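Novice: One letter stands for each residue in the lines below.
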Amino acid sequence: MNLTLKIWRQSGSSDKGRMVTYRVEDVSPDMSFLEMLDVLNERLILEGDDPVAFDHDCREGICGMCGMVINGVAHGEQRATTTCQLHMRHFEDGAVITIEPWRAAPFPVIKDLVVDRSSFDRIIQAGGFVSVPAGSAPDAHAVPVPKEDADAAFDAATCIGCGACVAACPNGSASLFTAAKITHLGLLPQGQPERDSRARAMVEQMDAEGFGGCTNTGECTAVCPKGIPFDTIARMNADYLRSASK
Amino acid sequence: MKFRRRQQQEPVAPSPSPSPSSSVSLPVSPPRPGTYRTGEPIRDTKAPSGPVEDRWDTRRFQAKLVNPANKRKLTVIVVGTGLAGGSAAATLGELGYKVKSFCYQDSPRRAHSIAAQGGINAAKNYRGDGDSVYRLFYDTVKGGDFRARESNVYRLAQVSVNIIDQAVAQGVPFAREYGGLLDTRSFGGAQVSRTFYARGQTGQQLLLGAYQALERQIAAGTVEMHTRHEMLEIVVSGGRARGVVVRDMVTGEIETHLADAVVLATGGYGNVFFLSTNAKGCNTTAIWRAHKKGAYFGNPCFTQIHPTCIPVSGDYQSKLTLMSESLRNDGRVWVPLRKGDGRAPADIPEDERDYYLERIYPAFGNLVPRDIASRAAKNVCDEGRGVGPGGLGVYLDFADAIARLGRDAVEKKYGNLFEMYERITGENPYEVPMRIYPAVHYTMGGLWVDYDLQSTIPGLFVIGEANFSDHGANRLGASALMQGLADGYFVLPTTIGDYLAGAGAFGPVEEDDVAEARKAVQDRIDRLLSVNGTRTADSYHRELGRIMWDYCGMERTEESLRKALERIPELREEFWNNVKVPGDAEGLNQALERAGRVADFFELAELMCVDALHRTESCGGHFRAESQDADGEALRDDENFAYVAAWEWTPDGPVLHKEELDYEYVKMTQRSYK
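Chains A and B are the protein sequences, given in the same order. So this note's numbering is basically just the index in the first sequence, starting at one, shifted up by 1. So this note's numbering is basically just the index in the second sequence, starting at one, shifted up by 885.
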């Protein structure tokens, strides 16, 4: 396959940035999207150009490090798929592909396609945990958890923190990310003691980071590589309201 | 007699460089490839004596305590934020120490522990199927092919039960039964059901538990987090580990961080093979730098080849993807009976299929340990019965499981794995059998540590996959998560206290020692940027990986290892004279990061081959073709090799220190899974 790539290049946070066009040839349909970029970068290095910076690590769809907006869609058009799991067999020969970083004020660009997502960590710091120091836990079978609760908690807990939800949201909201954690812990008996304070602190931190509000557009779940359910946001709002009314 | 610790410091840049104008240390090959010297044996690992079941209690009681007011004045650096490092940093913070945590990713949540799929072992015996701490201990020692320490493994089995309690209390959503209790499954190398799991994402859920505990401590101010920082050198002063030199990967700044103790939790070195199931960023730099500063390297040649990975599809391949071994619970492994049978799998009738694991190992069948399953796959492919491109693959077939349990039940258990497979290969495993092939997955070797998880540099502790300690020559499935969390939540926080109780006498860090470490880092970066040759670091890495896979991979011979030991130094020299690293050291430069890691892989690769060459026996994941029985099974040589090979780095080549292994409880037998 031969492709034309239009890639966002930005040398640093103070650079304005621009789209630059590259041709890549002899791409195998079995390559992953990132392997296709590897091939481009190897060539750029040998030609004395600056290779395209992008974040990636596990390349098996679980670490949440990779993420780019491909043809206007966070992680590309294939549903429930991270960028690293996207394969070239889903593109046409001769295609023109645009590649951009996540765009949201709380995710400033560091270089090219690499953005700073530390705002997500700070939302977790605000309350995305159960306070249980090592060694203080009771026997694991002391509290049975209904299977349906455990399964629903798991579904929310699979969030990989990639930030696609923010990139896709017209408001740049981090609601799906925040709600996933609030739901995961709020559904389990272990998460009950801090349920109210957690929801309040995490939502307030989300706002403080400059993320927008949720207007139920649903773009976030459409691009979420892990299929985090949209109703987690309703749960977050309910928990937040309850905590605010106390 | 107590093991004598290094009194004098190794000079940082002792080896001559090929270019007289440069002061950078370049590795020097021993006079003849593969040669080494033998030094003093290691006689004391600090494990208490007495009955094995009492030893950890004894050590915990004997360990000196640090009073809470003093903990606040003590700084501990933890490098790496996977299961071991994340849990250690969080727990040390909870205890009141000042912790500085470092990771190269943009968030501690991304460490590669996150990719572990199958599960975590624990001797809970919730099934009442005859499990016990002793049985987990026994299985692990046996599974490790009698090259792990009994004291350490027993402690691991003891602590395993606390890990499950801790994780559940944190809100880790393990799989549960309808009654609300925890579900378990069986895994390779065991006949009891002791593996706790969270669908196919157990590592992710456990890591998020540790990550959340860590973030809680960051918010509490006990842990200072440094993301996108890569450790490039360790600061040793007064004979003790006292800090690290790191590079801020965003600004390019070289920073020094000092502490009272340093913990390395930087994972394994499987990426020395270029293609492995590790994340792209996994590297050996932290432990290799420590090794060159005096930390012995234990059993570097013990690498685990995982039997169930998606086969290589082309030259551009950047990594290999594992399919959880839990699939072997319900999938049946087979190849055509006939050589070169090109028919589609569905067209091959039952009586023309060879379910070779069930045939050769009737007692364990498809659940034999990883090393055995991997080698059996290689053997049938070598016979010309492999399937898929290049004949490098075997089938993992779920047709029987789907017929027996129904598609829904199979989907519930393995849905996400099947999806992942389909995404990568474009084939639907509900209809066509998966194709799998072994790939490098885990390294049992790592920095040598004593019972306290302390290396031969006082004050340098090594935990998780980065150390060599608990898995012997082969790790059982679902034991990596167990070890990482055992080290981080329970073992290290106790043993490091014993060391830190003496911190009052450590004295200040010498400025010269810091300057020397910083200079070494700066010189290496300058040198890498100045070569300006004609090949990328990745292309050298690929070639090195190919050498390692062909000559020091699933099967090793004296001839192949000697070939590798000739080729590696040649290629390394070429690398240092011809690598092309673009850009400069200011700001984000991913090519520079990679080049530095490849440089260290070159040196490690050589030590791995030296170790593999010297160990003329076969054991666990280390299969020397010269040492096999009549059935082609690995043949150990307990008389000559029942020891840990702890390698010391010197400018004149490696020095071997042997730590003899005694088995008081588990009788040394040839493993049999037949």
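No wet-lab data here; the hints were simulated from the structure. None of these values were measured; they are calculated from a predicted model. Incorrect hints may appear among the rest.
Going by beta-carbon spacing under 8 Å, a handful of chain B positions derived as facing chain A [to be verified]:
no. : residue
1   : His997
2   : Gly1065
3   : Val1135
4   : Thr1421
5   : Asp1423
6   : Gly1468
7   : Ala1470
Within a straight-line C-alpha distance of at most 16 Å, the following computed EDC-like cross-link-like pairs (lysine to aspartate or glutamate) qualify [claimed, not checked]:
no. : chain 1 : residue 1 : chain 2 : residue 2
8   : B       : Lys1559   : B       : Glu1518
9   : A       : Lys148    : B       : Asp1014
10  : B       : Lys931    : B       : Asp1337
11  : B       : Lys1559   : B       : Asp1516
12  : B       : Lys1465   : A       : Asp156
13  : B       : Lys1297   : B       : Glu1237
14  : B       : Lys1297   : A       : Asp50
15  : B       : Lys1224   : B       : Asp1267
16  : B       : Lys1465   : A       : Asp50
17  : B       : Lys1297   : A       : Glu48
18  : B       : Lys1297   : A       : Asp51
Every residue, glycine too, gets a C-beta built ideally from N, C-alpha and C.
Novice: Lys931 of chain B and Asp1337 of chain B: Cα distance at most 16 Å?
Specialist: holds, 7 Å
Novice: Is the shortest C-beta separation between Thr1421 of chain B and chain A less than 8 Å?
Specialist: holds, 5 Å
Novice: Lys1559 of chain B and Asp1516 of chain B: Cα distance at most 16 Å?
Specialist: Given that 16 Å is the threshold and the Cα spacing comes to 11 Å, the pair holds.
Novice: Just to be careful: measuring from the Cβ of Gly1468 of chain B to every Cβ in chain A, is the smallest value less than 8 Å?
Specialist: Holds: closest Cβ of chain A sits about 6 Å from Gly1468 of chain B, inside 8 Å.
Novice: Measuring from the C-beta of His997 of chain B to each C-beta in chain A, is the shortest one below 8 Å?
Specialist: This interface hint holds because 6 Å falls under the 8 Å limit.
Novice: Minimum Cβ distance from Gly1065 of chain B to chain A below 8 Å?
Specialist: Nearest chain A Cβ about 3 Å off; hint holds.
Novice: CA of Lys148 of chain A to CA of Asp1014 of chain B, is that 16 Å or under?
Specialist: violated, 22 Å
Novice: Does the alpha-carbon distance linking Lys1297 of chain B and Glu48 of chain A stay inside the 16 Å limit?
Specialist: violated, 49 Å
Novice: Given the proposed pairing of Lys1465 of chain B with Asp156 of chain A, does the C-alpha separation stay at or below 16 Å?
Specialist: violated, 45 Å
Novice: Quick one, is the Ala1470 of chain B hint okay against chain A at 8 Å, beta carbons?
Specialist: violated, 14 Å
Novice: Are the Cα positions of Lys1297 of chain B and Glu1237 of chain B separated by 16 Å at most?
Specialist: violated, 31 Å
Novice: Taking the least C-beta to C-beta distance, is Asp1423 of chain B closer than 8 Å to chain A?
Specialist: For Asp1423 of chain B, the interface hint holds, since the closest Cβ of chain A sits about 6 Å away, which is under 8 Å.
Comparing the model with each numbered hint stated earlier shows that hints 7, 9, 12, 13, 14, 17, 18 do not hold.
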